[in-house]
Amino acid sequence: MRFSDLRITHKLYLGFGGVVLILAILLGSAYTNFSRLAQANGWNNHTHQVMAATQAILESLLNMETGERGYALTGEDASLAPLKAGQAAFAAQLKQARELTADNPAQQERLRKLEQAQQAWYGSAVTPVLALRAKANDGASIDPLLQFEREGRGRAGMDSMRTLLKEISDAEEKLMTQRAADADSLQSLTANTIVIGGILTITLAAVLAWLLSRSIVRPLVDAVRIARTVAAGDLSGRIEARSRDETGQMLQALGDMNQSLLQIVGEVRRGTDTIATATGEIARGNQDLSSRTEQQASSLEETASSMEQLTGTVKQNADHARQANQLAASASEVASRGGAVVAQVVDTMQAISVASQNIVEIIATIDGIAFQTNILALNAAVEAARAGEQGRGFAVVASEVRTLAQRSAAAAKEIKQLIGDSVEKVDAGSQLVQQAGATMQEVVGSVQRVTSIMQDIAAASEQQIAGIEQINHAISQMDTVTQQNAALVEQAAAAAAALQEQAATQASVVSVFKLADGDAHRVPAVPALGSAVARPAASRVLAPRVAQRAPQRVAPRAATMPPPASAKRPAPSKAAGDDWEEF
Numbered sequence: 003m004r005f006s007d008l009r010i011t012h013k014l015y016l017g018f019g020g021v022v023l024i025l026a027i028l029l030g031s032a033y034t035n036f037s038r039l040a041q042a043n044g045w046n047n048h049t050h051q052v053m054a055a056t057q058a059i060l061e062s063l064l065n066m067e068t069g070e071r072g073y074a075l076t077g078e079d080a081s082l083a084p085l086k087a088g089q090a091a092f093a094a095q096l097k098q099a100r101e102l103t104a105d106n107p108a109q110q111e112r113l114r115k116l117e118q119a120q121q122a123w124y125g126s127a128v129t130p131v132l133a134l135r136a137k138a139n140d141g142a143s144i145d146p147l148l149q150f151e152r153e154g155r156g157r158a159g160m161d162s163m164r165t166l167l168k169e170i171s172d173a174e175e176k177l178m179t180q181r182a183a184d185a186d187s188l189q190s191l192t193a194n195t196i197v198i199g200g201i202l203t204i205t206l207a208a209v210l211a212w213l214l215s216r217s218i219v220r221p222l223v224d225a226v227r228i229a230r231t232v233a234a235g236d237l238s239g240r241i242e243a244r245s246r247d248e249t250g251q252m253l254q255a256l257g258d259m260n261q262s263l264l265q266i267v268g269e270v271r272r273g274t275d276t277i278a279t280a281t282g283e284i285a286r287g288n289q290d291l292s293s294r295t296e297q298q299a300s301s302l303e304e305t306a307s308s309m310e311q312l313t314g315t316v317k318q319n320a321d322h323a324r325q326a327n328q329l330a331a332s333a334s335e336v337a338s339r340g341g342a343v344v345a346q347v348v349d350t351m352q353a354i355s356v357a358s359q360n361i362v363e364i365i366a367t368i369d370g371i372a373f374q375t376n377i378l379a380l381n382a383a384v385e386a387a388r389a390g391e392q393g394r395g396f397a398v399v400a401s402e403v404r405t406l407a408q409r410s411a412a413a414a415k416e417i418k419q420l421i422g423d424s425v426e427k428v429d430a431g432s433q434l435v436q437q438a439g440a441t442m443q444e445v446v447g448s449v450q451r452v453t454s455i456m457q458d459i460a461a462a463s464e465q466q467i468a469g470i471e472q473i474n475h476a477i478s479q480m481d482t483v484t485q486q487n488a489a490l491v492e493q494a495a496a497a498a499a500a501l502q503e504q505a506a507t508q509a510s511v512v513s514v515f516k517l518a519d520g521d522a523h524r525v526p527a528v529p530a531l532g533s534a535v536a537r538p539a540a541s542r543v544l545a546p547r548v549a550q551r552a553p554q555r556v557a558p559r560a561a562t563m564p565p566p567a568s569a570k571r572p573a574p575s576k577a578a579g580d581d582w583e584e585f
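Add 2 to a position in the sequence shown, counting from 1, and you land on the number used in my numbering.
If you're looking for bench data, these hints aren't it; they were derived computationally from the structure.
Don't take each hint at face value.
[As the list claims (entries may be wrong)] Here are the in silico distance ranges between beta carbons for each label pair:
{"no.": "1", "residue 1": "Glu101", "residue 2": "Ser37", "range": "21 to 27 Å"}
{"no.": "2", "residue 1": "Arg388", "residue 2": "Ala193", "range": "27 to 33 Å"}
{"no.": "3", "residue 1": "Leu202", "residue 2": "Gln110", "range": "43 to 49 Å"}
{"no.": "4", "residue 1": "Asp140", "residue 2": "Gln110", "range": "39 to 45 Å"}
{"no.": "5", "residue 1": "Asp184", "residue 2": "Gln149", "range": "53 to 59 Å"}
Where a beta carbon is used, it is the ideal one built from N, C-alpha and C, also for glycine.
Given only the sequences and the hints, what does the whole structure look like? Please build it.
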């Protein structure tokens, strides 16, 4: 497995573990060498103790010799005090020397010889002097004592003991010299071990830092570049993950996201094209409806003119009045159906508004997650700063994570603002649809007023006999135009239903994309249709109502269309929630 394919946790464990292992080996070696140095110093102290004991033995021998000579000269018992003290000290120091050199057979042998030499010297040189001096004190001649001293029998024994003591001291000095050389060598080895181990540790740390930086920072830089490219609207790039660690998985996730965005944008564009086509059909239907409404108004004018001439014929005028009432009732029914359609549109707009509110709540949740990520990144940066040089790489990662969290928060606020704009536009559309409903109610009222007028005309139709034929012809034309208007209204209703279905599909597709809503607003806007359907009024009653109704039914659809793709998105506003972005 390649190093770049390891998980970041394993990379960190491997890197720091290698450094810690070398440091542990270095510390273990240094500890061992220092322990050996301490042991060597202990042996040197032991050697000094042996040499001190040897010197004390020599002093005790000199004290015995001094006591022996003092007694020989004075004959007083007080002169024997150094002799007795020397004997006790010799025994004690000899015992101590044997204990200190218990692990050295050669020194033990020398001490044994020293003890024998001391006993021989004492028996051959000291005891005879003491006996001769005691006889001299009893009245015997002192000449034997003087002759014994002239012979120098004690000097040879003392010289042999000095020689043995010197051999013991020389052996200890030789051991101390060897140990000093070993200590110097060990000290040099310790220094070299520390220097070489430190160089290896620094080199390994530098190499591991370079590898970790190369395997972590480079994919993060690629991820930032990819995110900026996608944020700019370019979804044509290819995203390839060169490793299988967390950064590689992140790049793979970005690639999947880019592909999903590509599919979503394609579906949204196709949906908006369908919406544009349906909107065009509605526009053409409304234009035709406006034209035929003008014809209907003209026919009504002819009917009114004819009814002024038909005041003499009551029966025929009453028949025409009943037919006009039936037509007015049909028009009222058509207007009622139009009002029902408008009510359905209002319900749909409200549903879209509720969905937008849900999206706002989701964005708020994302904003909260970005806040928590920023707090965690800040804590990580603080801990990395406490760690010193060892946490510098982790501090860089924490800074990058914190920057990404701040950008996520900014993107969430921008999306929230865009959703808010969409909600405002939906509310505006709802108001326009409500105005259209009110206009339909006015149309119904106008039809009712027409019915009332027709009743008045029926009351005055007794004098309109001469215009029966013209009234029949005008009513026939009005019936034909009314039927055509009904067909056009059905066509407009079908187009509106198709538009509603496509709008629902578009909302469903866009709701999947929760991080960037701007792409859904980059399609050409459908122009307002009010100018295309508005026509000059042809009558006092119907024509003005039709001219007002048509743009009010179309304008909300046009108002909800997004701006062109070339338009820049508005900059996100500074909200109260931005105060935590800068720490």
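State the violated hints by number, sorted upward, taking the hints as numbered earlier in the document. none
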